[in-house]
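Q: Listed below are the residues making up each chain.
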Amino acid sequence: AQSVAQPEDQVNVAEGNPLTVKCTYSVSGNPYLFWYVQYPNRGLQFLLKYITGDNLVKGSYGFEAEFNKSQTSFHLKKPSALVSDSALYFCALRIGYSSASKIIFGSGTRLSIRP
Amino acid sequence: EPEVTQTPSHQVTQMGQEVILRCVPISNHLYFYWYRQILGQKVEFLVSFYNNEISEKSEIFDDQFSVERPDGSNFTLKIRSTKLEDSAMYFCASSDREAPTGANVLTFGAGSRLTVL
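Sequence lines, in order, name chains D and Z.
Following the working numbering, the numbering of the first sequence begins with 14 at its first residue and continues without gaps.
Following the working numbering, the numbering of the second sequence begins with 15 at its first residue and continues without gaps.
Keep in mind that the hints were calculated from the coordinates and are not lab data.
Ideal Cβ placement from N, Cα and C applies to all residues, glycine included.
Don't take each hint at face value.
Only pairs whose alpha carbons sit at most 27 Å apart, straight line, appear in this in silico BS3-like list of lysine-lysine [claimed, not checked]:
no.: 1; chain 1: D; residue 1: K35; chain 2: D; residue 2: K90
no.: 2; chain 1: Z; residue 1: K97; chain 2: Z; residue 2: K71
no.: 3; chain 1: Z; residue 1: K92; chain 2: Z; residue 2: K71
no.: 4; chain 1: D; residue 1: K90; chain 2: D; residue 2: K115
no.: 5; chain 1: Z; residue 1: K92; chain 2: D; residue 2: K115
no.: 6; chain 1: Z; residue 1: K71; chain 2: D; residue 2: K90
no.: 7; chain 1: D; residue 1: K82; chain 2: D; residue 2: K71
no.: 8; chain 1: Z; residue 1: K97; chain 2: D; residue 2: K82
no.: 9; chain 1: Z; residue 1: K56; chain 2: D; residue 2: K71
no.: 10; chain 1: D; residue 1: K115; chain 2: D; residue 2: K35
no.: 11; chain 1: Z; residue 1: K92; chain 2: Z; residue 2: K56
no.: 12; chain 1: D; residue 1: K35; chain 2: Z; residue 2: K56
no.: 13; chain 1: Z; residue 1: K56; chain 2: D; residue 2: K82
no.: 14; chain 1: Z; residue 1: K97; chain 2: Z; residue 2: K56
no.: 15; chain 1: Z; residue 1: K71; chain 2: Z; residue 2: K56
no.: 16; chain 1: D; residue 1: K115; chain 2: D; residue 2: K82
no.: 17; chain 1: D; residue 1: K90; chain 2: Z; residue 2: K56
no.: 18; chain 1: D; residue 1: K35; chain 2: D; residue 2: K82
no.: 19; chain 1: D; residue 1: K35; chain 2: D; residue 2: K71
no.: 20; chain 1: D; residue 1: K71; chain 2: D; residue 2: K115
no.: 21; chain 1: D; residue 1: K90; chain 2: D; residue 2: K71
no.: 22; chain 1: D; residue 1: K115; chain 2: Z; residue 2: K56
Far from chain Z by the CB rule (all over 10 Å, computed), these chain D residues [claimed, not checked]:
no.: 23; residue: P20
no.: 24; residue: E79
no.: 25; residue: S86
no.: 26; residue: L95
no.: 27; residue: S111
no.: 28; residue: S112
no.: 29; residue: S120
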């Protein structure tokens, strides 16, 4: 079955430290992978995507993600966390080859950055 | 920056009543979606819509649900007879096709909170 998983419900990091939010996927064919962020009482906002090419993808707000085909992972990273990065993060996977194909989301990881 | 607009922001209804949630997608977008999120947790796909018809729908999207794009700008989700378990935040999203890969990025609205009593 095609799926996306986020194994951690919560990640706690001190400000200034590097952060990693984990995501693994299962798909037949090449994956189209995304990260979105949700701030309280807001809709989801796009951060970055992997379609093809370089395994390290750079996105908004200093975030980047590393695609690893052998480990079927797409972990979100940032070298130095900010308190304002505290939010709910979702990994997403497009199921299918058409632009109209559905995009499914992982269960979300709450990132908490302490000052 | 263009945005997706959703109304109402919060609706309270009695079980069994019909509810219509409205969305105005970004004007040049081609693909439209509804998702729901219960208690700020998992975001669940409901339906995708393209070229005036449903492209895909989930098992959640049963006969009680329907979508319409009645006038070329609005995109609505109707729940015919609401149940308690329909209480959730409903998000509308739209996207354009990104050439050449076709990888579409979703732009979400702020959501409509539905409370069924």
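Q: Next step is simple, just say for each hint if it's right about the structure.
A: Verification of the hints:
1. Using a Cα cut-off of 27 Å, the hinted pair K35/D and K90/D holds, with the two alpha carbons roughly 9 Å apart.
2. A distance of roughly 19 Å separates the Cα atoms of K97/Z and K71/Z; the hinted pair therefore holds under the 27 Å criterion.
3. A C-alpha spacing of about 14 Å is found between K92/Z and K71/Z, which places the hinted pair at or below 27 Å, so the restraint holds.
4. Straight-line distance between C-alpha atoms of K90/D and K115/D comes to about 25 Å, which keeps the hinted pair within the 27 Å bound.
5. Of the pairs offered as hints, the one joining K92/Z and K115/D holds, with about 20 Å between alpha carbons and a cut-off of 27 Å not exceeded.
6. With a C-alpha separation of about 32 Å, the suggested pairing of K71/Z with K90/D is violated against the 27 Å cut-off.
7. For a cut-off of 27 Å, the pair hint linking K82/D to K71/D stands: about 17 Å separates their Cα positions.
8. Taking the CA atoms of K97/Z and K82/D, the gap is near 42 Å; set against the 27 Å cutoff, the hint is violated.
9. A C-alpha spacing of about 25 Å is found between K56/Z and K71/D, which places the hinted pair at or below 27 Å, so the restraint holds.
10. Note on K115/D and K35/D: the hinted pairing holds, with a Cα-Cα distance of about 22 Å set against a maximum of 27 Å.
11. For the hint pairing K92/Z with K56/Z, the CA-to-CA distance comes to about 21 Å; that is within 27 Å, so the pair holds.
12. Among the hinted pairs, K35/D with K56/Z is consistent with the structure: their alpha-carbon atoms are about 16 Å apart, no more than 27 Å.
13. Of the supplied pair hints, the one linking K56/Z and K82/D holds, its CA atoms being roughly 25 Å apart against a limit of 27 Å.
14. About 19 Å separates the Cα atoms of K97/Z and K56/Z, which keeps this hinted pair within 27 Å; it holds.
15. With a C-alpha separation of about 17 Å, the suggested pairing of K71/Z with K56/Z holds against the 27 Å cut-off.
16. Between K115/D and K82/D the alpha-carbon distance is near 21 Å, which keeps this suggested pair within the 27 Å criterion.
17. Among the hinted pairs, K90/D with K56/Z is consistent with the structure: their alpha-carbon atoms are about 21 Å apart, no more than 27 Å.
18. A distance of roughly 14 Å separates the Cα atoms of K35/D and K82/D; the hinted pair therefore holds under the 27 Å criterion.
19. Only pairs whose Cα atoms come within 27 Å are accepted, and K35/D paired with K71/D is accepted, the gap being roughly 16 Å.
20. Distance hint between K71/D and K115/D is fulfilled; the C-alpha atoms sit about 24 Å from each other, no more than 27 Å.
21. Only pairs whose Cα atoms come within 27 Å are accepted, and K90/D paired with K71/D is accepted, the gap being roughly 10 Å.
22. A C-alpha spacing of about 15 Å is found between K115/D and K56/Z, which places the hinted pair at or below 27 Å, so the restraint holds.
23. Against chain Z, the non-interface label of P20/D holds: every CB pair exceeds 10 Å, the least being about 14 Å.
24. The non-interface label for E79/D is consistent with chain Z: the shortest C-beta to C-beta separation is roughly 18 Å, beyond 10 Å.
25. No Cβ of chain Z comes within 10 Å of the Cβ of S86/D; the nearest lies about 19 Å off, and the non-interface call holds.
26. Listed as outside the interface, L95/D is consistent with that label: its C-beta sits roughly 22 Å from the nearest C-beta of chain Z, beyond the 10 Å cut-off.
27. The Cβ of S111/D does not lie farther than 10 Å from every Cβ of chain Z; its closest approach is about 7 Å, which violates its non-interface assignment.
28. Chain Z draws S112/D into its interface by the beta-carbon criterion, the shortest separation being 4 Å against a cut-off of 10 Å.
29. At the 10 Å boundary, the C-beta of S120/D falls inside the reach of chain Z, the nearest C-beta of that chain being 5 Å off.
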